[in-house]
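Visitor: All chains should be modelled from the sequences, with the hints used to inform the complete structure.
Protein chains: 2
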Amino acid sequence: MPESPPMSLPDAYEAFADHHRESSLLQSCASLLSWDQETHMPKGGAGNRAQQLTLLSGMVHRRQTSEEYGELLAAAEDCGLIADEHPAAAANLRVARRDYDRSRRIPPALVEEKTGATVLARRAWVDARANDDFPSFRPHLERIFDLSRQIAEAIGSESGDPYDALLDAYEPYATAEGIEAVFAPLREAHISLLDRILGSDRSVDVRMLHRDFPQRAQAALAREAGSAIGFDFERGRIDETAHPFCMAISPDDVRLTVRYERDFFNPAFFGLLHEAGHGMYAQGLPAKQHGLPAGTACSFGIHESQSRMWENLVGRSRSFWRWCYPKAQEAFPEALVNVAEEDFYRAINEVKPSLIRVEADEVTYNLHIMLRFELERALLSGELDAGDLPGAWNETFEKYLRISPDNDADGCLQDIHWSAGLIGYFPTYTLGNVYAAQIYEAAERDLGELEPQFERGEFKPLKEWLNRNIHDHGQIHPPRELVEVVTGSPPHHDALVRQLESKYLRS
Amino acid sequence: MPESPPMSLPDAYEAFADHHRESSLLQSCASLLSWDQETHMPKGGAGNRAQQLTLLSGMVHRRQTSEEYGELLAAAEDCGLIADEHPAAAANLRVARRDYDRSRRIPPALVEEKTGATVLARRAWVDARANDDFPSFRPHLERIFDLSRQIAEAIGSESGDPYDALLDAYEPYATAEGIEAVFAPLREAHISLLDRILGSDRSVDVRMLHRDFPQRAQAALAREAGSAIGFDFERGRIDETAHPFCMAISPDDVRLTVRYERDFFNPAFFGLLHEAGHGMYAQGLPAKQHGLPAGTACSFGIHESQSRMWENLVGRSRSFWRWCYPKAQEAFPEALVNVAEEDFYRAINEVKPSLIRVEADEVTYNLHIMLRFELERALLSGELDAGDLPGAWNETFEKYLRISPDNDADGCLQDIHWSAGLIGYFPTYTLGNVYAAQIYEAAERDLGELEPQFERGEFKPLKEWLNRNIHDHGQIHPPRELVEVVTGSPPHHDALVRQLESKYLRS
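First to last, the sequence lines map onto chains X and F.
Going by our numbering, the first residue of the first sequence is number 5, and it counts up by one from there.
Going by our numbering, the first residue of the second sequence is number 5, and it counts up by one from there.
By construction, these hints were calculated from the structure, which means they are not laboratory data.
Do not rely on the hints blindly, as some may be mistaken.
As the list makes no split between identical chains, a pair holds if one copy fits it or if it spans any two.
[Claimed, not checked] Pairs of lysine-lysine residues, derived as DSSO-like cross-links and limited to a Cα-Cα distance of at most 30 Å, are as follows:
1) 356 <-> 507
2) 356 <-> 331
3) 403 <-> 331
4) 403 <-> 292
Since the structure is predicted, the reported quantities are computational estimates derived from the model, not experimental observations.
Guide: Structure (structure tokens):
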């Protein structure tokens, strides 16, 4: 098929697109300021930085909820661009319309009230966690959920479930019911798998992961691995931070962050693979659609599928370490000199119930998430009273993970999300794992077995397959549809369970 | 006198001030983006960064030249706030009015044309310098001076000299004639001083400055010195860059940059003292007036007086090294073990004509500047044809510095300024030296001899004196007036000549 000449689009569409791109460009300035805040900003800069970010986000919000933009959008919609002929343009209009209607439905006073409440809640949460004092945080939690419920009701949802209205901001078109349909069998399978692992008497020695790992060598190895899997350092960089994240200023300027622990190998290395997974997605988004929905990541869940795939499915595989372990031994001759590759592999894959989500292994991690999904739904619906959260947390924790925290700091106070007003965000972490497993199987269907490739340090086929099949689509498909297009099946727990069972029971 | 209660200012004034502060806040976002561009941005980020900066500077420009802002300004002026009662508010209105009128007089098309021309000129300059090819740069130089002349004519000036209209952007109220009145005797004194120094047969051994200075130790010593003289690292930081600068995001977030040469002690150490001088000015600006002219540096010349004072008058003094040399020897035991303090002092103060401005010593530096001032005036007036620049450069160079370049890359192509459209900027460097000398004498009048203090590592009295007498005034006084208020005399060459002669002839 000969390439068709570039089709010029109607002026009304271009006017809409220009407006949207300019808002994105302004937003990208805020992204750099946020990145700097978490990496380089001196302590004294905090006050001015808050003002800068408030100014920029206010400007973007006003632009994207203005009558003027609404008119541009409506005029562009009247051009009759249909998905079959103009998939990117049609997706841009579809997503822009949903975003516009959504934000226009929320009364500005309610947005402001919630912003104010989260500032107070965040402060209260920091203190409450430090002092293991849930009662002092409880009124803030109530207020956040109350305001979120009001916002959800203002937005509305097809199902009438307010949770769906919030979830939609992170995972467009997803519903709590649809997620629960995946999570219910997943939960059962995870608990059963965990019991079987705990029941076996194979013990894992992880002490070598806590030897001395000089930071320079950690940084060099992490960078080498990030580069090998396909992160482009001409269009990105790594910095240190307290709570690692990935921030894309543009597809050509993607910032990874990492936290080093001198006496623990895992955080920096696997953290970097994780962030590089996010980063390669950002670098792989289509440049032509930059600043528009079709040039933006599909959803939080799909983003997480990319980070989890490189961190876990690739980075914790036996074959990856067949390639990487000699490099690790060279980087840390003292720590790893007498450690066999197989022992190292088992150590980085230890499954062990623990209290803190961000430290959890591949198997127990999803149980942490499912617990939060359940509890935040109950808090939002009013089924669970905020005052009863600690009890409910500990009880469910015990049921899923066979242990339970003896204080709230290590329990229901551990995460920042609720204090920041992020409700409906947690399930996207496990959706990411679910998607990743399905996408990985689809990649093997196309590329053949991947592990022999990893063993040879060949990550390019998988990376380029992801570029073509996931990254390049931006938001052209909603997440559920993307998974279906790429894997042939809607989101489903099967692949993930199959992979975990095969890894942890049969090896 | 009891402190008067805070006076509330009229609403119309506050509305003007709010608008101005918001523009400054937006501008400060651009400042951070520029800092990042020169320090951390990956190569790939350049395209998007240019778009971000164009967007933000366009927004600031539109805000500050809008009819709406003009009305706010006029309404504020109608409040009758007089300088005796409200010095800061009156200064804010005075400076804002000048800035507004100035930018409203320049046709937007001309601004755009010049922006476009500088983009092309900058590229052409990079190539021309690399290839020592002045003819390829010549048409760009002509175009820049032609557009600058048109802009100057649009702005107008009291004297009718277009140079004054451009100069005013860097040194408000200064005139070419006024500067020449200071420069003429200064030029003569410098040439005579240089001849006397060259005529003496004392030779200086500078080889120890080119030994091995490991970067980590350079960074630590520079930071220690910066901290000792009073730069606050809780409200600032240091990063590496190719062409060092100081960027203030706010008085509480000031970024210094530095360039390390492993085999040359001077660039990082004296560069850091220089940038820290700028940085302490930025940190010392009055927080209450942040975002307004009274909270902004007085002029480029006054800014330079602060950097030059710490770099040269303090940092190259004998007493500074009495304090600092033991630290330097400890930092660089191999390089400095057998070097006597006096020999080191003489080496860092070597006077020797050289071709490149940014590498020049304290005495010859001003001759480099005066040459540029003279030539850019002649180019702007049309007295000198762009094609004759290389000849004029080399001839004047020989006259002032007793040597001359044998190629244009090391001659008239060495600086970025003209290609960037910065005309009228150069004289502020030497004005800075002139001001610094006068201010230093005034400080000694109030604080007693400073050198014995430096010898004991006491820099706080001078720093706090500068805080009170210079920094705290922002733009309340125009530069010439500030110098007069602080030193009792208008800008004058005497103090600088006195100090240089005393240092270089009598020691």
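Visitor: Does each hint hold? Answer for all of them.
Guide: Quick rundown of the hints versus the structure:
For the homomeric pair residue 356 and residue 507, the shortest alpha-carbon distance inside one copy (15 Å) is at most 30 Å, but the shortest distance between copies (72 Å) is not. Taking the closest pair of Cα atoms, residue 356 and residue 331 come within 30 Å of each other only inside a single copy of the chain (27 Å); across copies the shortest separation is 52 Å, beyond that limit. Proximity of residue 403 and residue 331 under a CA criterion of 30 Å is satisfied in neither setting, with 41 Å inside one chain copy and 62 Å between copies. Taking identical chains as interchangeable, the C-alpha atoms of residue 403 and residue 292 are never at most 30 Å apart, the minima being 49 Å within one chain and 57 Å between chains.
In the structure shown, a violation is registered for the earlier hints numbered 3, 4, in ascending order.
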